[in-house]
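S.K.: Keeping the supplied structure of chain A fixed, place chain R upon it in accordance with the hints.
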Amino acid sequence: MSTPFYVSPQQAMADRAEYARKGIARGRSVVVLTYADGIAFVAENTSRALHKVSEIYDKIAFAAVGRYNEFENLRIGGVRYADLRGYSYDRADVTARGLANVYAQTLGTIFSSVGEKPYEVELIVAEVGRSAEDDQIYRLTPDGSVVDEKNSVVVGGNADSIGTYLSQRHRVGMSLAEALKVAVESLARDPNGGTPRTLTPDQLEVAVLDRARPQQRKFKRILGAQLGRLLDGEEEAAEDSDGAEGAAGAAGPEETAGEA
Amino acid sequence: MEANTRGTGRLPAAFLTPGSSSFIDFLAEQSPDLLPGRRALPAGLTVEAPHGTTIVAAVFAGGVVLAGDRRATMGNVIAQRDIEKVFPADEYSAVGIAGTAGLAVEMVRLFQLELEHYEKIEGTTLSLEGKANRLTTMIRGNLGMAMQGLAVVPMFAGYDLDLGRGRIFTYDVTGGRSEERSFAATGSGSVFARGSMKKLYRPDLTADQAATLVVQALYDAADDDSATGGPDLARRIFPIVGLITEEGFHRLSEEEVTRIAVSVTDGRRNQPDGPQAPLL
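Chains as they are written, first to last, in the numbering used here: chain A, 1 to 260; chain R, 1001 to 1280.
Just chain R, with the same shape it has in the complex:
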């Protein structure tokens, strides 16, 4: 019998064994070397690699908006001006990444595949909570590398079809997960972005207002954090903004983002610190 599984081009036994609906579990059995967290690094060594910076998200009446700036830095050098850090995870959710860009992009690719794989095998999608938990496991798997300076800290946002509203989940480097009620930020500029949103956020925002809110927050993050990139008017590089509603994930077109980013920058010409909230 053993001869059948060798050298015939036949699917290996592991492929035909009933078992987990998880692609990551399958990968761990079949080719563990392809898992991002499984690579051993020599202890005590730190590696310098491009880092992505600020991701922001906000819940609005019909869903949730997730946005990221476009800068990747390596130390004090700008490594990339047009990096993308916001990705659709599946039809109703998206993930934004801060941290070591190379690992983060790979983690997103695996996460997208994990959700798709489950959907194909089971014939149904995971719950939003289930997707968020799956991401936790992946971040935890990266802890060893995080301790050597290669941390990945994603943010997960999606439309919960069961509850009928947008939801945001943030993570820490150990995989600690927390749900945010209205808005959230992660990455090096997150302190400033959060302060900005705290003053501007209202629960009754429309989708367009929510998109403006996150661009304002990214502007404020770039204003005070050198690792976050502001709107690049000369090169026409603007943030990536993804909206998730009952209709699914929709990335704002270049024209839409340009319009919002230009109106925000125009506003800042007269008022460099941005719109002001009432004192009382």
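This is chain A alone, in the form it adopts within the complex:
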């Protein structure tokens, strides 16, 4: 019998992290950013049926990049966790923080267990609050770390360059149309500095957690014609008159700060 090579724990973990990172970097990115009435999710995804962004519970949504079977598994686990918790206690007791913790534990255990290969996924769990200050966005990496994000976040290939571009252009209290435009621009950029691509609505998967929605379930997909109108800016006028109060309230302080 041959003697097994000694591999230091540092090296073993670094190898696993590298393996997971490479898997994730192959996929297209998902952008998550806040706007006046909630949180928007934008992904490059031509499939109508295989989603990268999904509803988990009333105010909680899930976005993922990486291996489809792995994040789909985690998504279903999350829905089961949330529904079971809400049924045993109350709907209000299901929180993004709780879900992020469970995901962190799950990913972390898989990552450090010798018998399993690490998951090649990066997740976002977001919860829309009653006001913009209460919005929560958590990013989870394959090793089970949780990062509490503010305003905007990107996961997937080119996440760094897209993220930098996005954070420079994101403002608190943007309208949905503005937010979507910035998100699509950031996804369409060429990381090597070439000319940006053009992304049409049918190449995009867009969903929102909209706190202004009267229903208990705040998650909504934005599809086809409506998405086209929002990206063309035609709906901006209607949008403004609809949510004038919320948008003005949130944009106000930002503008004064800018002028001062």
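If you are wondering where the hints come from, they were derived from the structure by calculation, not from laboratory data. Just so you know, nobody snuck in bad clues.
Restraint-style ranges between C-beta atoms, simulated for each label pair: (1) A:L50 / R:I1078: 50 to 58 Å; (2) A:A188 / R:R1259: 52 to 60 Å; (3) R:G1248 / A:S167: 37 to 45 Å; (4) A:A212 / R:G1123: 19 to 27 Å; (5) A:Q215 / R:E1029: 23 to 31 Å; (6) R:P1018 / A:T195: 38 to 46 Å; (7) R:S1127 / A:Q215: 17 to 25 Å; (8) R:A1028 / A:E18: 41 to 49 Å; (9) A:G193 / R:S1020: 43 to 51 Å; (10) R:G1123 / A:V7: 37 to 45 Å.
All C-beta atoms, glycine included, are put in the ideal place defined by N, C-alpha and C.
M.R.: Positioned in the frame of chain A, the structure of chain R alone reads:
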């Protein structure tokens, strides 16, 4: 490997196992004690618990209306005057409950979750027929308790998006399901409500007329059945009326129901037995 699933806060294996899209099936595996029908009761014992009474429904041109009175009784005592017995099941369907209130409300909660869970997992909704069948299974699961006096008899109504019309399903205590063409009633006052609707119903009703029809039927049920509550003018407690159309479920606002209920009660001052159908 086993050590990984214990004491780590990691999602248990059952959560990550591909399988059924049904929340009830998942619950049966994961925490069967939370299922309403799984509780063993000592044989031969009867329990007294508040009962809900009359639910009525009627199909109209653009959809279906489902309404319930507000009384819960325990024996000859009124247990609650403002109980709600009509609930949206999902966006395009609603369920009304008669029978043991505690179990029925729990069954509705589980049914709502079952539909929502399926929708989230599968990314699409169940057909109306599928939803009605799912409810059958749940009632059947309660049969043991029903035989000990804790029966739940719901009524299910929804807008069938494929067929473009409203539909009503009624159940018996064993889970026997039947579809009703135009109107239906369940619960202790149902005999009187059905008689009332039989005389007043027309297939070409508008939504507003259909809402008036079901309030008239509930009035007649309360008139002859002591367990059904009539419009409570002093406390301003009126029936709950839900309309389901192509636009989805919409519960009539308090003002709308008050207007209908007050006009029905006003009419009864001059004509206590209500509107009369022609003899021939």
